[in-house]
Amino acid sequence: MNAMENTCVSEDLGGYVLVRVCGEVDLSWSQQVRDAILVALGRGGVGVELALVTYIDSSGIAALVEGFQNARGKGKRFALIAASKSVLAVLQLARLDKVFPLFADVEAARAA
Amino acid sequence: MNATVPLIEVEQLEAWYGRRRILNGVDFTVNAGEIRVIMGGSGSGKSTLLRHLLGLHKPRSGWVRLLGVDIARAGERQMLDVRRQIGVSFQGGALLTSLSVGDNVALPLREHTNLDEATIRIMSRLKLEVVNLGGFQDLMPAQLSGGMIKRAALARAIAMDPKLLFFDEPSAGLDPVVSAELDELILRLRDALRMTIVVVTHELESAFKIADTITVLDQGDILMTGTVDAVRQCDNERIQDLLNRRPREIQVDADAYLKRLTEEAA
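As given, the protein sequences belong to chains A and B, one line each in that order.
Count the first sequence with this note's numbering and you get residues 1 to 112, in order.
Count the second sequence with this note's numbering and you get residues 1001 to 1266, in order.
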């Protein structure tokens, strides 16, 4: 398997921020993902795109949980977008697939 | 670490308790992503092998490499790095009785990471959810049943998302439903969190359900390592005795027997 670069990039779509996460999210940099999500929530609703995440550990999941809880506290929208199979497997392990709003693409998340 | 290096390599491992040899030059390899079951009856040496794999005993001879590190000769720093990447669920749980369940599970994260407390709280409670103990974080170990202790111990063992998980007798003392749930969980941990898992058990049903490969130990020797089907079909008499729960016939060496009974330092 080719190693994909670990990146987390935010894109402002006008009142809605898309946080694109790529690579393997683990303890070594999951705090960056957490910070990016929390900063994005300061600017509007947030969608976290996870299509290119090949692995996520529980520190990465914790970043998503914290973001979701934070969004709920602020009355903002929060969604996981195009979660990869690897991400879904970990969400399902803790039954979090029944907790997070999951959408296939950013249009569906924004329209919800 | 090179991905092709086995996560566990044991070569010619000998273990002794006093004058009694427990492991007779054991060779043992576990590759990444594998679920390996170590099976054997009482006194087969499986617990001793596990204690050597964990670095709790030093080999009398031979060597044990975990994640590419020779653990008998590793420095403190190297060993700490290895320990960060392994999780152990002990048979009796080994929870710290003075800490709540939540604090027990959070302990490795507090000891080994600089994560902020909010992340640690979520990660440790997430692991309690995974083992079906969601909401039990404030209980003390003394308030848990045997099955709950076992699950809390597993939650602590996986707190750090270890590469390598050791699980000693997961089914012992559990009711069949909880036992089946744990078997299922072991499979899902491997698939979702890419763990390599070594399970020590004498429960055949559980072993056959979860194992990719089984190592059968008997009186300090590895009788075979193979797939579930290979073990089932093996015509080795001792293995068939184990599978069919036939009592073993103990060989009596008259000289050794009398020596044990009569000599002062037997």
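Hint data in this document are derived by calculation from the structure and do not stem from the laboratory.
Small disclaimer: the values here were computed from a predicted structure and weren't measured.
Warning: the hint list may mix true and false statements.
As the list claims (entries may be wrong) - Here are the in silico distance ranges between beta carbons for each label pair: (1) B/Ala1230 - A/Val39: 53 to 61 Å; (2) A/Val9 - B/Asp1235: 55 to 63 Å; (3) A/Gln92 - B/Ala1074: 47 to 55 Å; (4) B/Asp1070 - A/Val39: 38 to 46 Å.
We treat Cβ as the ideally placed atom computed from N, Cα and C, and that holds for glycine.
task = Sort out which numbered hints this structure fails and list those numbers smallest first.
result = 3
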